[in-house]
Amino acid sequence: MPPVINLLVQLCHALGRLPALRRAPVQAALGRQLQQCGLRALPGIACLGAALGLAAVQQMHHVYGANVDFTLRTLLQLLLSELAPLLTALFLLTRSSSGIAAEVAALRVHGEWRTLAAMQVDPLAFVLLPRLLAIPLASALLTLYLLLIAQGAAVLYALDAPDQATFYSMLEPLTPAMALLCLSKSLLFGALTAASSCLAGLAAEGDWPAVSQASARAVLFGLLAIVAADALFALLPALWSPA
Amino acid sequence: MSALTLTLPDGGALALCAGQLTQCAWSPANQTAISAALLAAGQVTLALPAQGGLLSTLSVADNLTLAASYHGMPWAELDAALALLLPALALDAAAWRALLATPTEQLSADDRRRVLLLRAALTPAAAWLIDSDFFADAHPDLAARGQALLAQALPGRLAVWLTRPARPAQPGAEWKEPPP
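If you read the sequences in order, they're chains A and B.
The numbering used here puts the first residue of the first sequence at 122, with every later residue one more than the last.
The numbering used here puts the first residue of the second sequence at 17, with every later residue one more than the last.
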């Protein structure tokens with residue numbers, strides 16, 4: 122079996138270890154990953170969201186004129202359909218992906234993977250499963266957080282005083298279909314980030330240089346996978362619609 | 017598990033009996049074969065190697081409790097068992113807190129031995145794979161206490177003592193082979 126297929130099969134096996142979540146150390150590992158990838162990323166996401174909201178308002182006012190209704194509505198539309206899931210995924214990729222790949226690679230290179238197996242602690246359940254679950258979950262929650270911060274910053278910057286009509290107009294793009302698109306994109310991008318990190322770590326063999334190589338590969342493969350998936354999301358509706 | 021017989025790479029057989037420290041010549045092939053046989057027999061195996069043995073990505077506390085808690089030992093029982101084991105290695109409350117606060121990769125060689133010994137004694141029914149160099153260069157008091165702790169926790173367990181070729185004597189070293 123080609124090595125890449127073998128690694129993908131291992132990832133699938135790891136996802137099949139869901140019953141292992143009943144075990145306390147696996148739950149603790151999941152909690153640690155959620156804290157590492159989710160909770161600790163909040164300040165960075167807040168800064169990114171605020172900067173994005175302010176920059177978007179400034180740019181749209183500059184290009185389209187100071188139409189607050191249009192600016193806020195368009196920004197929410199863009200955030201839901203593209204910006205929030207994509208920027209969150211890129212943030213997670215640069216912040217967490219290389220670290221996760223390096224951890225997994227170090228376990229492989231140092232023989233700690235075998236130590237776990239000797240203790241009858243399933244490495245797929247203890248090492249991979251928490252990471253494969255935590256990153257998509259963190260991605261979805263951080264996307265929501267980024268969206269709220271960016272839109273909130275834009276509202277505060279663009280509106281001089283609270284205006285109910287503007288709020289209603291701004292929320293027009295928030296349909297169930299758009300929310301579902303945003304959620305599914307963020308989950309998929311998170312899953313791709315997790316998969317690329319774990320695959321790069323699993324593929325590590327040899328000595329210390331393998332760890333840094335795994336980190337670099339995780340970021341590169343993750344970036345390519347996310348961009349490709351985003352392009353697919355954009356192209357699929359056009360392909361399915363009648364000519 | 018009360019007994020296990022396995023075949024070594026050189027064709028010889030090694031019979032392991034619960035409560036007995038079985039000696040075997042150290043070699044990478046023997047070590048791999050014994051580990052694989054114990055793994056295949058579904059036996060939780062803890063190594064006490066000359067170097068390493070701990071998971072660098074986990075804290076000291078997680079390293080200590082991972083095997084036991086993964087296999088269902090409740091936290092309360094783990095805490096109680098650990099409290100009973102600490103005096104055996106002369107770890108008072110302050111030393112214990114300092115040990116727990118140290119990142120795993122920064123543990124001194126003797127602290128690494130303490131953690132491995134505590135884990136070995138703490139994990140119920142786990143088999144041991146002890147490298148004869150595990151106590152080499154250890155503080156004499158720790159070596160004596162460690163051997164006593166292992167002897168006390170040995171009943172009911174499978175244990176293999178991997179004997180390396182004798183090292184040249186070092187000044188001040190008080191190493192002695194454990195009783196068979």
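Since the hints were made in silico from the structure, they are not lab data.
Wrong hints could be hidden among the right ones.
Unchecked claim - Which bits of chain B does chain A cover? Going by a derived footprint, with three or more residues having C-beta under 8 Å, they are:
hint, region
1, 22–28
2, 108–114
What the hints assert, rightly or not - Pair ranges (Cβ atoms, derived):
hint, chain 1, residue 1, chain 2, residue 2, range
3, B, A152, A, A167, 49 to 55 Å
4, A, D328, B, A141, 52 to 58 Å
5, A, L142, B, A77, 18 to 24 Å
6, A, A349, B, A34, 52 to 58 Å
Predicted, not measured: the structure shown is a model, and the values here were computed from it.
Glycine included, C-beta positions come from ideal geometry on N, C-alpha and C.
Report task. Against the structure, test the hints numbered earlier, and report the numbers of the ones violated in rising order. Result -> 1, 2, 4
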